[in-house]
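**Student:** Sequence:
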Amino acid sequence: MTNRDRCAVSERLALRWQTLLQDNFSHLTIAQIQQAWARLLSHYQELHRHYHDINHIEGCFIWFDRIEDQLDDPLAVALAIWFHDIIYDVRRSDNEVKSAQYGVTALTNFSVSTTLVQKVYELILLTQHPSKPTGMINSVSDSFFNRTHNDVLTNIHDQALFLDIDLTILGQNSAIYAHYENAIRSEYQHVPLWVYKLARKRLLKQFLRQPMIYYSDYFKEKFECQARVNIQSVLKP
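No gaps in the numbering here: position 227 of the sequence shown is 230 in my numbering, and each next residue is one more.
Any given hint could turn out to be false.
Per label pair, the in silico range of CB-to-CB distance [said to hold, decoys possible]:
{"id": "1", "residue 1": "V198", "residue 2": "Q131", "range": "33 to 41 Å"}
{"id": "2", "residue 1": "T111", "residue 2": "D75", "range": "17 to 25 Å"}
{"id": "3", "residue 1": "T117", "residue 2": "E190", "range": "28 to 36 Å"}
{"id": "4", "residue 1": "H193", "residue 2": "D154", "range": "18 to 26 Å"}
Below, in silico cross-link-like pairs of lysine-lysine (PhoX-like), each with a Cα-Cα straight-line distance of 25 Å or less [stated by the list, open to error]:
{"id": "5", "residue 1": "K225", "residue 2": "K135"}
{"id": "6", "residue 1": "K223", "residue 2": "K135"}
{"id": "7", "residue 1": "K239", "residue 2": "K200"}
{"id": "8", "residue 1": "K225", "residue 2": "K204"}
{"id": "9", "residue 1": "K223", "residue 2": "K204"}
{"id": "10", "residue 1": "K223", "residue 2": "K208"}
Simulated from the structure, these hints should not be mistaken for laboratory data. Backbone N, C-alpha and C define an ideal beta-carbon position, used for all residues, glycine too.
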């Protein structure tokens with residue numbers, strides 16, 4: 004992707020970010036919105052990102068736009084998309100938790116409802132793939148919100164669509180999927196190839212062992228079969 008292409012993506016996303024916040028949080032100033040965008044963008048433009056960057060976020064929103072009318076709380080899902088990969092350190096295993104906490108801090112600074120903040124937090128925690136929609140979440144939510152139980156606020160249907168949006172790349176055509184695999188390898192280029200292949204295959208096998216990769220009818224119909232073909236292509240000797 005050229006610098007011109009990256010700038011175009013950034014401009015489109017900046018407009019989407021501004022529109023989302025202005026439409027839903029009228030108390031925010033343009034300065035607040037722009038400052039938050041600058042911080043967001045700086046994370047997604049980190050040099051070590053080859054897949055988990057602004058292109059991935061835009062890709063998620065392409066599918067979000069197609070299923071938005073199926074969502075119970077599209078605002079929570081949209082915000083979860085924005086924040087779900089904001090912290091991405093390939094040497095750590097707690098990126099989802101850190102991203103969820105970042106989202107909580109950012110939204111709390113926006114003075115939005117605690118319910119909305121909790122929903123976004125719950126959704127981001129679910130991206131610890133492979134995962135599935137659930138009525139319970141990791142107990143880290145309890146400690147962070149000082150809650151006495153693990154019951155989630157986001158409904159199962161929204162969870163399913165959000166998780167599926169994040170994994171649409173698995174069901175793309177073979178050329179796009181191959182490019183994705185190469186991009187993930189580039190993010191882990193510091194890892195010896197044999198170690199990387201072992202870990203990567205272990206993860207992909209977990210996806211195949213699941214009864215389904217996609218949990219919503221919409222995405223399962225579109226991508227389930229191709230996703231399994233793509234993953235099998237990586238697992239071949």
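**Student:** Is K225 close enough to K135, meaning Cα to Cα at most 25 Å?
**Tutor:** OK: K225 and K135 at ~18 Å, within 25 Å.
**Student:** Check whether the Cα positions of K223 and K204 lie no farther apart than 25 Å.
**Tutor:** holds (22 Å)
**Student:** So if I understand the rule, the pair passes when the alpha-carbon distance is 25 Å or less; does K225 with K204 pass?
**Tutor:** holds (24 Å)
**Student:** May I ask you to test the hint 17 to 25 Å on the CB atoms belonging to T111 and D75?
**Tutor:** holds (23 Å)
**Student:** Is it true that the CA of K239 sits at most 25 Å from the CA of K200?
**Tutor:** holds (12 Å)
**Student:** Holds or violated: 33 to 41 Å for the Cβ distance of V198 and Q131?
**Tutor:** violated (21 Å)
**Student:** K223 and K208 were given as a pair; does the straight-line alpha-carbon distance stay at or below 25 Å?
**Tutor:** Status holds; Cα separation ~18 Å.
**Student:** Per the hint of 28 to 36 Å, is the separation of the Cβ atoms of T117 and E190 within bounds?
**Tutor:** holds (34 Å)
**Student:** Falls inside 18 to 26 Å, the C-beta gap from H193 to D154?
**Tutor:** Hint violated: Cβ distance 40 Å, outside 18 to 26 Å.
**Student:** Mind checking the alpha carbons of K223 and K135 for me, to see if they're no more than 25 Å apart?
**Tutor:** Between K223 and K135 the Cα gap is close to 13 Å, so the pair holds against 25 Å.
Checked against the numbered hints given earlier, this structure breaks hints 1, 4; the rest are met.
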